[in-house]
Amino acid sequence: MARTRAARSSATRRTANGNGARTNGRRKGRNGKGASNGAADSNYTSEQIQVLEGLEAVRRRPGMYIGSTDQRGLHHLIYEIVDNAIDEAMAGFCDRIDVTIHADGSVTIEDNGRGIPVDKHEKTGLSGVETVLTTLHAGGKFGGGGYKVSGGLHGVGASVVNALSSRLEVNVAIKGGLYRQTYERGVATSKLAKVRGQKTDYTGTTITFTPDEDVFETLDYEFDTLAARFREMAYLTRRVWIAFHDERVEESSAEPLLGPREKSFYFDSGIDAYVRHLNRGRGPLHPDPIHIDDQRGDTLVEVSLQYSSSFNETVYSFANCIHTIDGGSHLTGFRSALTRALNEYARRAKLLKDNDPNLSGDDVREGLAAVVSVKLAEPQFEGQTKTRLGNPDVKGIVESAVATKLG
Numbered sequence: 001m002a003r004t005r006a007a008r009s010s011a012t013r014r015t016a017n018g019n020g021a022r023t024n025g026r027r028k029g030r031n032g033k034g035a036s037n038g039a040a041d042s043n044y045t046s047e048q049i050q051v052l053e054g055l056e057a058v059r060r061r062p063g064m065y066i067g068s069t070d071q072r073g074l075h076h077l078i079y080e081i082v083d084n085a086i087d088e089a090m091a092g093f094c095d096r097i098d099v100t101i102h103a104d105g106s107v108t109i110e111d112n113g114r115g116i117p118v119d120k121h122e123k124t125g126l127s128g129v130e131t132v133l134t135t136l137h138a139g140g141k142f143g144g145g146g147y148k149v150s151g152g153l154h155g156v157g158a159s160v161v162n163a164l165s166s167r168l169e170v171n172v173a174i175k176g177g178l179y180r181q182t183y184e185r186g187v188a189t190s191k192l193a194k195v196r197g198q199k200t201d202y203t204g205t206t207i208t209f210t211p212d213e214d215v216f217e218t219l220d221y222e223f224d225t226l227a228a229r230f231r232e233m234a235y236l237t238r239r240v241w242i243a244f245h246d247e248r249v250e251e252s253s254a255e256p257l258l259g260p261r262e263k264s265f266y267f268d269s270g271i272d273a274y275v276r277h278l279n280r281g282r283g284p285l286h287p288d289p290i291h292i293d294d295q296r297g298d299t300l301v302e303v304s305l306q307y308s309s310s311f312n313e314t315v316y317s318f319a320n321c322i323h324t325i326d327g328g329s330h331l332t333g334f335r336s337a338l339t340r341a342l343n344e345y346a347r348r349a350k351l352l353k354d355n356d357p358n359l360s361g362d363d364v365r366e367g368l369a370a371v372v373s374v375k376l377a378e379p380q381f382e383g384q385t386k387t388r389l390g391n392p393d394v395k396g397i398v399e400s401a402v403a404t405k406l407g
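Numbering (the numbering used here), first residue to last: 1 to 407.
Hints listed in this document are in silico derivations from the structure and should not be mistaken for laboratory results.
Cβ coordinates follow ideal geometry from the N, Cα and C atoms, glycine included.
Watch out, some of these pointers could steer you wrong.
Think about it this way: if two alpha-carbon atoms lie no more than 25 Å apart in a straight line, the pair counts; the simulated DMTMM-like pairs of lysine to aspartate or glutamate are [said to hold, decoys possible]:
no. : residue 1 : residue 2
1   : K263      : E344
2   : K395      : D354
3   : K175      : E232
4   : K194      : E232
5   : K386      : E247
Pair by pair, the computed Cβ-Cβ distance ranges are [as the list claims (entries may be wrong)]:
no. : residue 1 : residue 2 : range
6   : Q295      : D356      : 17 to 25 Å
7   : D363      : G383      : 56 to 64 Å
8   : G281      : D95       : 28 to 36 Å
9   : G67       : P357      : 44 to 52 Å
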């Protein structure tokens, strides 16, 4: 894979200072030694119990918070900040998100949402900005605060990004002014202060961070992987513009120089556009996807489906913009309602005789392309990889919404 000059020079620095050294395929510990195989000290006292303050636990065990310290974990830092902007969009306060990977490997994410609150937080005594950036599980998505529903798988938020970055700068446009604060490895290096002479007639949050090379195994971002995720987010959050800029210059064996790249995503019809994309070249059997948009209590249900001449089934399910690869209760409810509705139609239209058996689920899903998306306050993800929605009540909610539309 092509590597950026910045990332390559970063890797050289890591090798030179010993931070990137490995032993038998494993990264050395902070003391430069590999894991000990010796017996633990039998004299176990309270002095040996470690208490990790603030974000120190995140730096000590980053995999617990972002899954890994490889490229997937590196990408997760970007997703966490973008997810916060998507939360603003789902709440109706944001319609543009800009993501930029700079030539030096730092990343800037800017949104035109309401801006992180700058006033003093009652419980922490810190500004809202510093609370969000230094306290785990702090934010409007917890405890029924600023958002009814929120995206993101781990939901650890900006504080973990701050902890795992060698440097982070936040700028918040709010209340007619611009507020700024800087951090290094999760620790504030300045107070939140209003920038003199900066008056704003807009609102929003801009965060620029540099992933810590002492934490991550690689600092190489994969443009296509990130672009695919941003496209997915734009499909699932209609009428939100996501612009992705990559300022890095890459070298490859195929071409001497690959310049900066950018892609932008905006879909006025949301998941209907997604289904059309899935069915491109397959010969749709009806011109427009069937769209279902319903709300039951605090649960939002959105479904789009279209049949084609293909023999394959292509169905994607999402919960709070998370791709539930292994399905779950929302997908089960959709499939159940679809099978029942098409069997009832076939009976009414005399396509099935009284003695004919019902069409099976496989029968009714042949040639189907569909996207099933639910947004709910407290999603319960199951499985080691958190790719299956477990909320039992969602099955009935989706089943009822689909049956009502197709009945």
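A quick look at each hint next to the structure:
1. K263 / E344: 45 Å, violated
2. K395 / D354: Cα-Cα ~29 Å, so violated.
3. K175 / E232: With a Cα-Cα distance of about 32 Å, the restraint between K175 and E232 is violated, given a limit of 25 Å.
4. K194 / E232: 36 Å, violated
5. K386 / E247: The hint is violated at about 33 Å.
6. Q295 / D356: 17 to 25 Å: 37 Å, violated
7. D363 / G383: 56 to 64 Å: Hint violated: Cβ distance 28 Å, outside 56 to 64 Å.
8. G281 / D95: 28 to 36 Å: At roughly 31 Å between Cβ atoms, D95 and G281 fall inside 28 to 36 Å, so the hint holds.
9. G67 / P357: 44 to 52 Å: For P357 against G67, whose Cβ atoms are near 45 Å apart, the range 44 to 52 Å holds.
This entry does not satisfy hints 1, 2, 3, 4, 5, 6 and 7, going by the numbered hints stated previously.
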